Amino acid sequence: MAGGGVRIGADVGGTFTDIVIELADGSLDSTKVLTTYEGPEIGILDGIGQLAEANQVDMADVDQIIHGTTLATNALIERRGAKTALVTTEGFRDVIETRTEGRFEQYDLNIVLPTPLIERKDRFTIAERINARGEVLLPFDDGAAARVISTIAERGYEAVAVGFIHSYRNADHERRFRSLLLDALPDISVSISSEVSPQMREFERFNTVCANAYVQPLMASYLFRLQSELQHRGADCPLYLIHSGGGLISVETAAAFPVRLVESGPAGGAIFAADLAARFGRDRVLSYDMGGTTAKIALIEDFTPQTAKTFEVARTTRFKKGSGMPISIPVIEMIEIGAGGGSIASVDALGQIRIGPHSAGSEPGPAAYDLGGAEPTVTDANLQLGRLHPDTFGAKTITLSPEKAASAIDAKVGGPLGMSADIAAVGIAEVVDENMTNAARVHAVENGKDLAGFTMVAFGGGAPLHATRLMDKLGLDELLVPPGAGVGSAIGFLRAPFSYEALRSLYTRIDDFDFVAVNRLLEELTTEAETFVRSGLAAMSASGANPADPAGPADVELVVERQVSMRYKGQGWEIPVRIGAGSFDGFAAEALGGTFTKAYEEFFGRAIDDLAIEAVGWSVRVASVLPPVAVTEMLGASGHAAITGQRSAYDPVGGEVVDTAIVERESLAPGVAVNGPAIIVESQTTTVLGAHHQAVSQADGTLRITRNARRETS
Amino acid sequence: MSRTTNDFSEVHFQIMWNRMISILEEQALTLVRTAFSTSVREAGDLSAGVFDRQGRMIAQAVTGTPGHVNTMAAAVPHFINDIGVERIYPGDVYVTNDPWKATGHLHDITVTTPVFIGEELIGFFASTAHVVDIGGRGYGPNGREIYEEGLRIPIMKWVERGELNQDLVNIIRNNVREEDQVLGDVHGLAASNETGRRRLLEMLDEFDMTSLEHLAAFVFDRTRKATLAALAPVAEGTYRNEMRVDGYDEPVDLVVELTVTGEGMHADFTGTSPTSAYGINVPITYAQAYFTYGMLVALAPELPNNYASLFPFTVSAPTGVILNAEDPTPVSVRHVLGHFVTDLCLGAIAPALPDVVPAEGAGALWNFQASARGADPADELPPVEVLMFNSGGTGARPSLDGLTATAFPSGVMTMSAEATEQIGPVVIWRKEIREDSGGAGTYRGGLGQVIEIGPIDGYQLEFSAMFDRVDNPARGRAGGGDGAPGKVYLDDGTPFPTKGVETVPAGRRIVMELPGGGGFGPPSGRDPQAEKNDKDQGYVS
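Protein chains in written order, with my numbering: chain R, 1 to 714; chain X, 1 to 541.
These are computed hints drawn from the structure, not numbers from a lab.
Nothing here was measured: the structure is a model prediction, and the numbers come from that model.
Positions of the beta carbon are idealized from the N, C-alpha and C atoms, including for glycine.
Heads up, some of the hints might be wrong.
As the list claims (entries may be wrong) - On the chain R side, residues computed to face chain X include the following (Cβ under 7 Å):
no., residue
1, 116
2, 124
3, 188
4, 430
5, 442
6, 445
7, 577
8, 578
9, 579
10, 584
11, 597
12, 601
13, 602
Stated by the list, open to error - Below, computed lysine-lysine pairings styled on BS3-like, alpha-carbon distance capped at 25 Å:
no., chain 1, residue 1, chain 2, residue 2
14, X, 532, R, 121
15, X, 535, R, 121
16, R, 32, R, 121
17, R, 83, X, 535
18, R, 569, R, 598
19, X, 499, X, 487
20, X, 532, R, 83
21, R, 32, R, 83
22, R, 449, R, 321
To be verified - Covered stretches of chain X, going by a simulated chain R footprint (3 or more residues, C-beta under 8 Å):
no., region
23, 112-122
24, 265-273
25, 321-327
26, 407-420
27, 447-456
28, 504-514
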């Protein structure tokens, strides 16, 4: 019987599966196990078993298991999905192949564009047509549908994606085809674009429905297998999935819309940072997550990560925009660049040091791992600079070789540039820091934000090594390094609300506002999102897992946020505008124009008079109310840390090697200060302080790092 | 650890070089988001650069259009010259749209902002964007002289010592159709330069520098060496190529003679057809941009654009040929022939780079630019302008098939059919791969596409036809076959003229079959697997 107050988060990544357990008293424990590709549930079950045993937890005491996985993403990248057909409007067979008709790399004659997820021979068309206002221009051709269905049956497709033009305005034809198909082939997996992604722009929508159909059989079978295995082991509690927008959904919803699970791991990281922001009352936060191959940066305002309506997965070339598959679903917006501990440094034709996008991964790994890697990586530079050390490197299974690191840096960077290995390592570290800084700035500009006054939250194994330098370069005054940096995403899963964002495109103009359609649409979106959230809550309530909610899900208070994307007539880029509750009338429409003008000014610094304003897309996000977070006051310094050693390390600000204190993070009591230059070591990561940084340990073990005035320039 | 000052300044210069490019990309990104012109948004028809005090470009944002590669770089020295060094003050901003001093037609507005430290001029920021309207006859080839193509703003001050030139604002306001959008874009360009200026000054402060001279010298020195090294694979000598394209009222012969020396490459366009009476003529600076782009993409794709990487590429042509149009020749749609210059020049060096240069492609875009008007004037339906960018196939590469329905050398992207239908009274009935349109070869040319468009009920479409490669298809290379020529006709099969203003009547559709790219290598050499796949997928019937 559930109700024991134990919760588990499980994040299945490309290399590791992270499991976090939260005990009834709120304390956390975690473990990392290798991801088991052949059956990811095996790794999860092993990890959970380990933690349960170590903490003497009975599986029956587990109230909730929350899961995020890269399985759907990997299936898309590795093209390991079902045999899938696309059925589309006659005349539009090739939308997912001709893409944008552009080249994502302007200077490459040998560019290779991404192969469509569904080949041309598997794409079928039906005569039918809906216009931009949702009216039928050409009736649905039942005869053509019957012919396509018999071909689907003959050729043995396992899954079918259906995408018709303007179906986000009128889904009748898509539904009609689905029902005919299921009449003939009741067991086939079918996804329709008006349900998976009811947004205007056929390339993105069709690609999204194809992706959903393609991974659906695989994901559904995996999720139900995991659920039954968990039950088999006595965990009789509900299993929830984290979606890309950073909320929880039920297994049933996830199995129907598995494309919503893409990017669920990184979403957990952003929620982790948002939760920390809430606990310390920081309303503007830059979340910075750096692992082995990439760095991810997200903006969090008012304790809520920024979201977007479309993103790209499976980029084929250097993380370049346009080289992947667009997926249009609500997603926590982040920028990802090829800058991780394993990113390889090289020298280009101009004698410039370049970092990544290639990564040494975990095999052979950085040269210092001594597993055969000959390319210098960011980790090698950190070792060379004294920031990492063989004695204090967290991963006990790996012994770092300073000699291998130095000789790789010498061979591939120092030698070609006529520099010592030390200076070359400085160059590598500075270039990767600069790349991340530039990415953060560009991301801020893209979102119309100025980073001044933001607090950085750094997590992931690599981020605390680089965060103070980024903080200097970005001119930020505060940096937080929470505990549990290595398993941040899995912890974040435990902090997520039930939420669902429903969205749809509907074009209207402020000066000719379609009240009827907008009001009806907003109502429909609210109902749709509420239904998903309440179904999740119902499962929880049924299992008795939420004693705080004896009244049952129907009465649970929900947060409803409504948003519209708007632009001036003639522009192609929309900005999000929040809208309040209530329905629209003439006055509200005019007021919306005013709200847009203000938002536009904030974004771009100036508004434009006398131009018509358009609204394009509408969204409603419904979420459960999280228990209120008590805001913790930051502790000031009230004592000094025990220094366990000294080491020579490079200080980028002074530009020289200085004696640097070594401090054990575990030894830091609340209020204890560490003055730079210092290196704070722990098993999951290493935090580097320059001479002008001070860290103060907080009650929860978070390090709050600040800068002394005016010493940041180099 | 040892430390030498030189080593550190090396690292610092590298960081600053990266930082400048990042600053410019931020600028370009903001411009894309705020600009009103479809060609800025979908085609990246804009650019941003930083210059030293002599007007030499140190860095440029990578944007969608090769057309600004040299043109903007060449613009800033004109600004310095025309304003006069002694009249350049802190707080100034300058503007022009002169086709010969800036980027080739009146629709591109270039804004330049000087950067000072104290009273010392240290450099400039410049940015360019295509605006929605510039007055005159409107965008199209029908002006017979530059005067008909719209308002021409000589190099002048937009802002002097912080004071906006209200007279110029009024002149623009009274001479263009969409004054709010155009002025919005000019203000946007000025604001983006201002952002760049502030970020540059912050950077110089961080690195304790008071001028750009050392940094510029570092960038130019590195780039010059790398550029010359990249040109080395092309044997010194003279290379020629000719290409006939459809042109406007008569076919146009494009001719180039490329001279390669240890110092660079020179393109001479002697032999090219004379200027046209229509606005398809090309100022030579624009031809130079597409020549340079072609050489860089073939030889030095990794090199950034700056004074030193562009310096080795020079051009000449007799006055009055269509690639050296002189004032006051009309030049409004100079991109149509400009885009062919890349294939023309790549074709010339193909013998020297047989493993690099692709076959010819569709080259020019097939833009569908239409005015939707009520079919019955009594109905008083509001007129709506419609613009779609569409691409044919690119030429096959020496080891890869050509790209299907993809722009080259332009960086343009197409618009969503659904988005187009939301805004304009048209129905796009078909936009699909055109089977059998790629030139045969060991590597097949990229396929074109078939597009069918009609007006919605009550409307008819007047469109300005500007379709090339109907009479002169893309040629194959090294034994590869030609790409299929383009076709344009009414849905009953009646052919449309490919140039001039035409009408799609109410209830009818226009069908456009876009040209395919040429093939590479003899068709007999094609991998049987690839051949089978072409059949299975229906690329080849």
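Hints the structure fails to honour: 1, 2, 3, 7, 8, 9, 10, 11, 12, 13, 16, 21, 23, 24, 25, 28
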